[in-house]
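K.L.:
Sequence:
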Amino acid sequence: MRYFSKKGIIQKPDAALVVLWLGIWIFLGLFVLYPLARLIYLVFFADGKLSLAILSKVFGSWYNKKAFVNSMVLASAVGFGGTALGFLFAFSVTRIELPKIVKWFLRAIIVLPFVSPPFTSSIALTMVLGPNGLLLKLLHMPDFNIYGFLGTWIAETLTYFPVAFLTLTAVLEAIDPNLEDAAMSMGSTPWQAFCTVTLPLSIPGLANSFLLLFGSSLADFATPLVMAGHTFPVLTTQAYMQITGMYDMQGGAAISFALLVPALIVYLLQHYWVESRYYVTVSGKAGARSKPKGAGTFAEVVMLAVISLISLFIIFLYSIIFLGSLIKVWGVDNSLTLENYVYVFTVGRKAVKDTVTIALISTVMGGAVGVVIGYLVNRHELPGRKALEFVSLLNYVLPGTVVGIAYAIAFSSGPIVLTGTMAIIVALCVSRYDATGIRATTATLKQIDTSLEEASLNLGASKLTTFRKVTVPLIAPAIITGTQYLFVVSMTAISATIFLVSVRWSLLTVRILECITELLFAQAAAFSVVLILIVAMAMWVIRLLFEALYPNLKWQRGI
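According to this note's numbering, the stretch in the sequence shown is residues 128 to 686, in order.
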């Protein structure tokens, strides 16, 4: 009996899966659509009537108009700068012949921003180039000001260029070196082959990377809050200040709505580009692939010089964070001490405990939700599959400030009040960060032949049993990806969760921000080091756990 259509979709889902499907829709309706609807209603309705008064009032201010322009300019600059930097690293790792240890080192550098709090670069830059900064003293530049556009751009570029690296590494590895061989056999130099073959074939990936970084910068809250200052306002910090400083929830919602529109446009452009625009680099029968080609000796030397300087700068910044955590008062009393770590595990112990607890619960729940949604969307012919996929990614697509404000509006009054509870933070983390698990599950399922699951069904197993005993082991690598990412972002989130923390439930990132605003950079550095170590250890434990549960996992990575 055939259970799958030609597209690999189960044609007749059973009752249990229909109930699961409805449960997922209820969850998404409650924690994705409902908060967004409440935010939109607050912005566009006054006394029950449609009104644009609040938008006119908020954006009648020249300062908010300036914040909007600054946000677009900064996002564009980060998009270009981060994509260029990511391309240099990706090209060096995939196309230039380097020792394996060097490539491992470069990839390790890339991992650091992923496991760090969002303001790690900001803290380090402030400690190095801010008031009483180490480099400013060494270079005798007391009047230099890192705050504003320059500091924000540098910090965000260093934070987000690893996203470009991952995107462009996959693109460059997919380009057949035989195409470059063909160009060089016709008389082109390696540089000419790079300019006429490799670079043009990388354009879809470059455009995709730019859009991803543009959206990331647009949504960033932590970096501008620390680095932008009053001279360079952006929308995310303005929305935060409107709510926390002026106690104007409606005005903050209106400002955040201005972020929602460009974020959705960027997502739709990126989705359209990835789905519809691609260049074919391999056709006909498969043949032997030659070695990847570089870009010529001079160009490669320049590339390696640039990435070496950037790598050393990143190592320097992280070294400053570690050193700063052992200094009594940065820039004033540079004597070594462990008091900052004592502070973390005494005064900050509750924040550490709360953050780890919330991250663990969010990881388990979000990992399960991500896998289930990915499986239902890709293996079952149920109504509204595409709509479910879009809604499940909506909270991830929207800037964290928008989602956080929407949750604060929706769950502080009305039929469901969750303000001040752990549940609201967990719900936000699950509904916002399960997107990676959904995408990873989708990509893996498309690579797995449905005959394996069909054989189980033909032998009498139910669809749920087949999912548990056949599908889950096969998609274990995707589950690892989703759970690791969920834990990392649940530990390091700030832009959305800062609107939801309370006296009962605090977060490490909020404590770090408090230390920065109080100019306690040594304590902020200590919190950051502890957070990085917890995240790195958790990622290692998650991988070991899955490899113990599924011993054949290494073989499955090649699926």
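Mixed in with the good hints there might be a few duds.
Heads up, simulated SDA-like pairs for lysine to any residue below, C-alpha to C-alpha not over 20 Å straight-line [claimed, not checked]:
no.	residue 1	residue 2
1	Lys455	Asn259
2	Lys230	Lys184
3	Lys193	Tyr274
4	Lys184	Phe172
5	Lys596	Leu147
6	Lys184	Leu387
7	Lys513	Lys573
8	Lys455	Val469
9	Lys513	Phe154
10	Lys573	Lys455
11	Lys176	Leu147
12	Lys193	Met373
Pairwise CB distance ranges (calculated) [stated by the list, open to error]:
no.	residue 1	residue 2	range
13	Arg476	Ser589	44 to 50 Å
14	Phe172	Pro258	58 to 64 Å
15	Ala495	Val145	17 to 23 Å
16	Leu396	Leu671	51 to 57 Å
In short, the hints are calculated from the structure, not lab data. C-beta atoms are modelled at their ideal positions from N, C-alpha and C, and glycine is treated no differently.
K.L.:
It remains to establish, for every hint, whether it holds in the given structure.
P.N.:
Okay, the hints, checked on the actual structure:
no.: 1; hint: Lys455 to Asn259; in the structure: holds, 14 Å
no.: 2; hint: Lys230 to Lys184; in the structure: violated, 53 Å
no.: 3; hint: Lys193 to Tyr274; in the structure: holds, 17 Å
no.: 4; hint: Lys184 to Phe172; in the structure: holds, 14 Å
no.: 5; hint: Lys596 to Leu147; in the structure: holds, 18 Å
no.: 6; hint: Lys184 to Leu387; in the structure: holds, 18 Å
no.: 7; hint: Lys513 to Lys573; in the structure: holds, 16 Å
no.: 8; hint: Lys455 to Val469; in the structure: holds, 12 Å
no.: 9; hint: Lys513 to Phe154; in the structure: holds, 17 Å
no.: 10; hint: Lys573 to Lys455; in the structure: violated, 54 Å
no.: 11; hint: Lys176 to Leu147; in the structure: violated, 38 Å
no.: 12; hint: Lys193 to Met373; in the structure: holds, 19 Å
no.: 13; hint: Arg476 to Ser589: 44 to 50 Å; in the structure: holds, 47 Å
no.: 14; hint: Phe172 to Pro258: 58 to 64 Å; in the structure: violated, 46 Å
no.: 15; hint: Ala495 to Val145: 17 to 23 Å; in the structure: holds, 18 Å
no.: 16; hint: Leu396 to Leu671: 51 to 57 Å; in the structure: violated, 39 Å
Violation of the numbered hints given earlier is confined to hints 2, 10, 11, 14 and 16; the remaining hints are satisfied by the structure.
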